[in-house]
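A.B. asks: Protein sequence lines correspond, in order, to chains A and B.
Numbered by this note's numbering, the letters in the first sequence go through residues 1 to 199 in order.
Numbered by this note's numbering, the letters in the second sequence go through residues 1001 to 1199 in order.
Among the hints, a few may not be true.
Claimed, not checked - Among the chain B residues that face chain A by a calculated CB cut under 7 Å, a handful are:
no. : residue
1   : Glu1014
2   : Leu1029
3   : Met1033
4   : Leu1044
5   : Ala1047
6   : Met1048
7   : Leu1049
8   : Met1051
9   : Arg1052
10  : Ala1066
11  : Ala1090
12  : Leu1093
13  : Gly1103
14  : Tyr1156
Said to hold, decoys possible - Cβ pair distances, simulated, as ranges:
no. : chain 1 : residue 1 : chain 2 : residue 2 : range
15  : B       : Leu1115   : A       : Arg197    : 38 to 44 Å
16  : B       : Asp1185   : A       : Gly190    : 42 to 48 Å
17  : B       : Glu1023   : A       : Arg167    : 32 to 38 Å
18  : A       : Asp116    : B       : Pro1176   : 38 to 44 Å
19  : B       : Glu1182   : A       : Leu115    : 25 to 31 Å
20  : A       : Arg159    : B       : His1032   : 55 to 61 Å
21  : A       : Ala179    : B       : Glu1182   : 56 to 62 Å
22  : B       : Gly1135   : A       : Glu23     : 30 to 36 Å
23  : A       : Ser98     : B       : Asp1185   : 38 to 44 Å
24  : B       : Gly1119   : A       : Ser98     : 50 to 56 Å
25  : B       : Arg1102   : A       : Leu115    : 49 to 55 Å
26  : B       : Glu1182   : A       : Asp116    : 41 to 47 Å
27  : B       : His1032   : A       : Glu194    : 31 to 37 Å
28  : A       : Glu127    : B       : Lys1006   : 50 to 56 Å
Claimed, not checked - Part of the chain A face toward chain B, derived, beta carbon under 7 Å:
no. : residue
29  : Val4
30  : Leu11
31  : His32
No lab work stands behind these hints: they were computed from the structure.
Glycine included, each C-beta is placed from N, C-alpha and C at the ideal position.
Protein chains: 2
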Amino acid sequence: MATVPKPLDRLIQELVRLPGIGEKTAMRLAFHMLRAERREVEALAAAMLAMRDEMTTCSLCCALSASDPCEICGDSQRSGEIVCVVEDTADQLAVERSGSFRGRYHVLQGALAPLDGVGPEDLRVRELLARLTDGAVKEVLVATNPTAEGEATALYLARLIKPLGVRVTRIAHGLPMGADMEYVDTATLGRALEGRRDM
Amino acid sequence: MATVPKPLDRLIQELVRLPGIGEKTAMRLAFHMLRAERREVEALAAAMLAMRDEMTTCSLCCALSASDPCEICGDSQRSGEIVCVVEDTADQLAVERSGSFRGRYHVLQGALAPLDGVGPEDLRVRELLARLTDGAVKEVLVATNPTAEGEATALYLARLIKPLGVRVTRIAHGLPMGADMEYVDTATLGRALEGRRDM
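All chains, please: the whole structure from these sequences, using the hints.
C.D. replies: Dropping the structure here:
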């Protein structure tokens, strides 16, 4: 039985390392790249490397950004009184897309996960505390994920920040918009009932 | 609202051109590449370009291959009496993986699609006929896809090749192994009944 030609196989092996890409998808992608115009493949390879070269970390909020300070930290129009703490830059972009937040961010670059050996010293916690010393920040809105790690991180930060006299809030949990009550999981439903509001 | 940093966005735009990759998947892949080690991203970029440089077309069977003649055409152990005609190299590899075929291949590099302007002159039909002149090939097994285009191509080839005194066969259609009769589409069921065999 003849095997997949080496150069093709090498590409497939590299592609399956990507998250959510299985053997079949890798094969489809590799064949697409084989049939596509050469400059299309070159453009993708170049974009991958350029992205690695051009992205840096904002020294203020620790977000991955094309500039330092990042676009948001450098924007004087945004309120410096409220800082939204997220786990990573993807979460920050998600909050930005919602269009509902006009303050600044702080990217922890992870969440507490003692079982995986991720402690507070592995996160950008020290950098966050340093931003709270001059009294300009009035509120820290913790928007870590509603997972065990994210919740633990939120509790840890609240315990650390409250004594500094800064208000600490947590992003709300409840029914996602458009959800069907019947299919919402019990944990979410529990949180939604608990977090009910007057109307 | 701050936008996705430029270098990241450029990569996402390149990734969404790939088949089956939507905006969300592209974003996940881009963030993975951002967090992965630099040499991992470099290895993927290099594999993409190397694949384009090192792959060539076999001048005998027209398959995409790392060598010319390809591994299969150069293998004297394989029967030259039967040639399996497929639409593209991915289909050839699928037949190889089945381990049930020990002859040679011919890759058409497409299927007839008059509506998309793909005629016989766009396929490697001339190269196939050239292989049938010396009488060494006794059978042509047409394994184009069971689609409108693949079926039309199969009929076209049969009409062309039969007069040369070469046996022309079509890969069997019927129930896929492990299928549930109840959920098999009517066209497949029809073909399966029509193609029944004595047992």
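A.B. asks: Look at each hint and say if it fits the structure.
C.D. replies: A quick look at each hint next to the structure:
1. Glu1014: 4 Å, holds
2. Leu1029: Since the shortest Cβ distance to chain A is 6 Å, the answer is holds.
3. Met1033: Holds. Min distance 6 Å.
4. Leu1044: 4 Å, holds
5. Ala1047: 4 Å, holds
6. Met1048: 5 Å, holds
7. Leu1049: With a minimum Cβ separation of about 6 Å from chain A (threshold 7 Å), the hint on Leu1049 (chain B) holds.
8. Met1051: 4 Å, holds
9. Arg1052: 6 Å, holds
10. Ala1066: Holds: closest Cβ of chain A sits about 4 Å from Ala1066 (chain B), inside 7 Å.
11. Ala1090: Cβ of Ala1090 (chain B) sits 5 Å from chain A, so the hint holds.
12. Leu1093: Interface hint status for Leu1093 (chain B): holds (6 Å vs cutoff 7 Å).
13. Gly1103: 12 Å, violated
14. Tyr1156: 23 Å, violated
15. B:Leu1115 / A:Arg197: 38 to 44 Å: This hint is violated: roughly 58 Å between Cβ atoms.
16. B:Asp1185 / A:Gly190: 42 to 48 Å: 44 Å, holds
17. B:Glu1023 / A:Arg167: 32 to 38 Å: 35 Å, holds
18. A:Asp116 / B:Pro1176: 38 to 44 Å: 42 Å, holds
19. B:Glu1182 / A:Leu115: 25 to 31 Å: 45 Å, violated
20. A:Arg159 / B:His1032: 55 to 61 Å: With a Cβ separation near 32 Å, Arg159 (chain A) and His1032 (chain B) fall outside 55 to 61 Å, so the hint is violated.
21. A:Ala179 / B:Glu1182: 56 to 62 Å: 32 Å, violated
22. B:Gly1135 / A:Glu23: 30 to 36 Å: Violated, at about 41 Å.
23. A:Ser98 / B:Asp1185: 38 to 44 Å: Since Ser98 (chain A) and Asp1185 (chain B) have Cβ atoms about 43 Å apart, the given range 38 to 44 Å holds.
24. B:Gly1119 / A:Ser98: 50 to 56 Å: For Gly1119 (chain B) and Ser98 (chain A) the Cβ distance comes to about 52 Å; the hint holds.
25. B:Arg1102 / A:Leu115: 49 to 55 Å: 52 Å, holds
26. B:Glu1182 / A:Asp116: 41 to 47 Å: 45 Å, holds
27. B:His1032 / A:Glu194: 31 to 37 Å: 35 Å, holds
28. A:Glu127 / B:Lys1006: 50 to 56 Å: 24 Å, violated
29. Val4: 6 Å, holds
30. Leu11: 4 Å, holds
31. His32: 5 Å, holds
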